[in-house]
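K.L.:
This is what each chain is made of:
Number of protein chains: 2
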Amino acid sequence: MRIVLASGSPRRRELMEQIGIRTEVMPSSVEERVTSDIPDQVVLELSGQKAEDVAEKTEGRDVLVIGADTVVASEGRILGKPGSVAEAGEMIASLAGKCHQVYTGVTLIYRDPSGEMRRKAFAERTDVYVYPMDEEEIRGYAGCGEPMDKAGAYGIQGRFAAYVEKIDGDYNNVVGLPVGRLYQEIKELTGGWNA
Amino acid sequence: MRIVLASGSPRRRELMEQIGIRTEVMPSSVEERVTSDIPDQVVLELSGQKAEDVAEKTEGRDVLVIGADTVVASEGRILGKPGSVAEAGEMIASLAGKCHQVYTGVTLIYRDPSGEMRRKAFAERTDVYVYPMDEEEIRGYAGCGEPMDKAGAYGIQGRFAAYVEKIDGDYNNVVGLPVGRLYQEIKELTGGWNA
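Protein chains in written order, with our numbering: chain A, 56 to 250; chain B, 56 to 250.
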């Protein structure tokens, strides 16, 4: 089976490699259209658009396309990628001392060996509890370079781990891909495939 | 401040580096003596023995020694490192489809700038929920090389991530060092030190 990751994120590809699954990377070029502001609906929509775009461009049978999108939500408000160090600092300050949610939506589109299309989508949620941070810590982290390409302005797999008290859910979902659930769903959708 | 890690584990050193803390590595050579079979008591005892051994060999002031020990416990029973692939398979089979606990005990021994000794110890617990696994998956994972040097016969930071449904607690505690709590405790013990 060919597995195509409809995402340019090096972190997602690394997570697939971590669990022993080789993927081709083919980032979607679709223009994102969002009709909801509810976090799990947003990530389902966007992962679906990415997967559909790449599936349309992919030839052959026994091919699985994976689309994924991750957002950070704090008190119901979605935090995107920060546009500046100052904005990163504001986002970090809004997360410090509280629990927030990370949602990754995943859409799988599988063209099986007979040419039939199968589809499955799910959104996985992880709660992240952040320790209180003082101003120096917030400023130091906001300016350390890690926040700028990341939703919610932090990388749990980087320096921000010092400020994470605990999580409830899949850790890799926070990094960008819930590989535990994803592995189970791939097995089910493709009928017993084994990495 | 000098920070000395009384552990030869490359994973623990990498976790400290991840949060931006440089450590010297000085593995303890102490013979481990355990008087309890209660997981959090065991890791507290062993982390204390490691930290004391290395603190005795360490000169100077403003020096922090960190001892750590991690165990996996399933239904109250402590799982050590597997002695063979067959034993790794038995351990993995005992974890599949269930929740188990990972405990890391940490002992901090700090000789402050005035020469006074301060000490703090804590044990951190993380619950890990593992998906059901079939025989082929158990055999495949047991033989993949990852289990042999790891308590409980798995590495959450490796291929085993495919079988982890969720965790409740600090992810890095499962890898071997609860860097979130540890960072907070170092700040408190040393009086406001900042990485």
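Source of the hints: derived by calculation from the structure; they are not laboratory data.
All C-beta atoms in this analysis are idealised placements derived from N, C-alpha and C, irrespective of residue type, glycine included.
A portion of the hints provided could be inaccurate.
[As the list claims (entries may be wrong)] Under the rule of at most 25 Å between Cα atoms (straight-line distance), these lysine-lysine pairs were calculated in the DSS-like manner:
#1 B:Lys-112 to B:Lys-153
#2 B:Lys-136 to B:Lys-242
#3 A:Lys-153 to B:Lys-112
#4 B:Lys-175 to B:Lys-112
#5 A:Lys-242 to B:Lys-153
#6 A:Lys-112 to A:Lys-136
[Claimed, not checked] Counterexamples of contact, computed for chain A against chain B with all Cβ distances above 10 Å:
#7 Arg-57
#8 Lys-175
#9 Glu-220
[Said to hold, decoys possible] The following residues of chain B were derived to be distant from chain A, with all beta-carbon distances above 10 Å:
#10 Ser-169
#11 Ala-176
#12 Tyr-186
#13 Asp-204
#14 Gly-213
#15 Asp-223
#16 Asn-227
K.L.:
It remains to establish, for every hint, whether it holds in the given structure.
P.N.:
Do the hints match the structure? See the list:
Of the pairs offered as hints, the one joining Lys-112 of chain B and Lys-153 of chain B is violated, with about 43 Å between alpha carbons and a cut-off of 25 Å exceeded. Proposed proximity of Lys-136 of chain B and Lys-242 of chain B is contradicted: the alpha carbons are some 33 Å apart, above 25 Å. The straight-line distance between the Cα atoms of Lys-153 of chain A and Lys-112 of chain B is roughly 41 Å, outside the 25 Å bound, and the hint therefore fails. Distance check on the hinted pair: Lys-175 of chain B and Lys-112 of chain B sit about 19 Å apart at the alpha-carbon level, within 25 Å; holds.
Under the criterion of a C-alpha separation no larger than 25 Å, the hint pairing Lys-242 of chain A with Lys-153 of chain B is consistent with the structure, at around 20 Å. Only pairs whose Cα atoms come within 25 Å are accepted, and Lys-112 of chain A paired with Lys-136 of chain A is rejected, the gap being roughly 28 Å. In this structure Arg-57 of chain A is separated from chain B by more than 10 Å, as the shortest Cβ-Cβ distance comes to about 19 Å. Chain B leaves Lys-175 of chain A outside its interface by the beta-carbon criterion, the shortest separation being 17 Å against a cut-off of 10 Å.
Residue-level check failed: Glu-220 of chain A sits 5 Å from the nearest beta carbon of chain B, not beyond 10 Å. Against the 10 Å criterion, Ser-169 of chain B stays outside the reach of chain A, whose nearest CB is about 25 Å from its own CB. Every C-beta of chain A lies more than 10 Å from that of Ala-176 of chain B, the closest at about 19 Å, which supports listing it as non-interface. Separation of Tyr-186 of chain B from chain A is inadequate, the least Cβ-Cβ distance of about 6 Å not exceeding the 10 Å criterion.
No beta-carbon of chain A comes within 10 Å of the beta-carbon of Asp-204 of chain B; the shortest separation is about 17 Å. For Gly-213 of chain B, the shortest C-beta to C-beta distance to chain A comes to about 7 Å, within the 10 Å cut-off, and the non-interface label is violated. In this structure Asp-223 of chain B is not separated from chain A by more than 10 Å, as the shortest Cβ-Cβ distance comes to only about 5 Å. The claim that Asn-227 of chain B lies off the interface is violated: its Cβ sits roughly 6 Å from the closest Cβ of chain A, which falls inside the 10 Å cut-off.
Figure legend: structure checked against the earlier numbered hints; hints not met, in rising order: 1, 2, 3, 6, 9, 12, 14, 15, 16.
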